[in-house]
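Chemist: Please take these sequences and the hints and turn them into a complete structure.
Using the working numbering, the final residue of the sequence shown is 248, and nothing's skipped along the way.
Some clues are possibly wrong.
[Said to hold, decoys possible] Simulated restraints, written as ranges between beta carbons of each label pair:
| no. | residue 1 | residue 2 | range |
| --- | --- | --- | --- |
| 1 | Thr40 | Thr140 | 47 to 57 Å |
| 2 | Lys169 | Leu11 | 46 to 56 Å |
| 3 | Gln242 | Val137 | 18 to 28 Å |
| 4 | Val137 | Asp32 | 36 to 46 Å |
Source of the hints: derived by calculation from the structure; they are not laboratory data.
Beta carbons are placed, not taken as given, at the ideal position from N, Cα and C, and that holds for glycine.
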Amino acid sequence: METLPLEVVIEITIHVAATSDQPMDDLCNLRATCRLLHCACSHCAVGRRVALLRCWEDMEWYQPDRYYSLLHLLVGVGNPEASMLRGILDFFGGAGGLPSHPSLDELSRAATGGLNVAAYLYAVMLYRNVGGTADDDIAKMYVRRVEGEEGTVASGSIGPMKLGNFGCRECRGDAVYLVWRITWCKAGDALPPAPVHGEFPCAGGGCGFPNGWGQAMLFCSEDCRLRHEIAAFEQRLGIDI
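Modeler: Below you can see the structure in the form of structure tokens.
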């Protein structure tokens, strides 16, 4: 290993960080092997690829101090999974209740980093916050990504009642679990307060029509789809809406 260029060793270490079921244990073992691997394991590119979602629960439960130190470190190097976990705390709060200033910044970074669950959660909460047309457009863009519709809806190539939510349904379950697990929220706990979108006529009528894929549905517009997802997400969390 000592004879390999550092760049090659870093690539090998990135592969371990991204694919291992216990990435931190394996990286610690590699770090102790030789100085070259110690250097590679400390590289920011490795930190960005650590598969934190595979190990965070055990670490948070059994080694909380180590976990939160690691979370801070990985957020700092731009690890999308760490940004999502941190972002859920920043927006939804923890065992102590809602944060005084809920922030979507880390969820935004996680969504930009390519995580669909983060993109779903960011889109739904951004739209729920009613930040204006620009924020609504960003929320719709991320939902299109989750649904695999990039470049289709915005161009008008998908007609009325052709907008599905199959991808949203898959991400919703994962998002609800993460919020539950990270914040220890109970059924009925409130989300951060938000204004309400004004009413508008449904363009197609009968939105939420099943499309034959389990409980996936069809919608007449992106606004109707996002409103449905907000209600469905809150319902899964046990919030009385």
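Chemist: Run every hint past the structure and note whether it holds.
Modeler: Do the hints match the structure? See the list:
no., hint, in the structure
1, Thr40 / Thr140: 47 to 57 Å, "holds (54 Å)"
2, Lys169 / Leu11: 46 to 56 Å, "holds (52 Å)"
3, Gln242 / Val137: 18 to 28 Å, "holds (20 Å)"
4, Val137 / Asp32: 36 to 46 Å, "holds (44 Å)"
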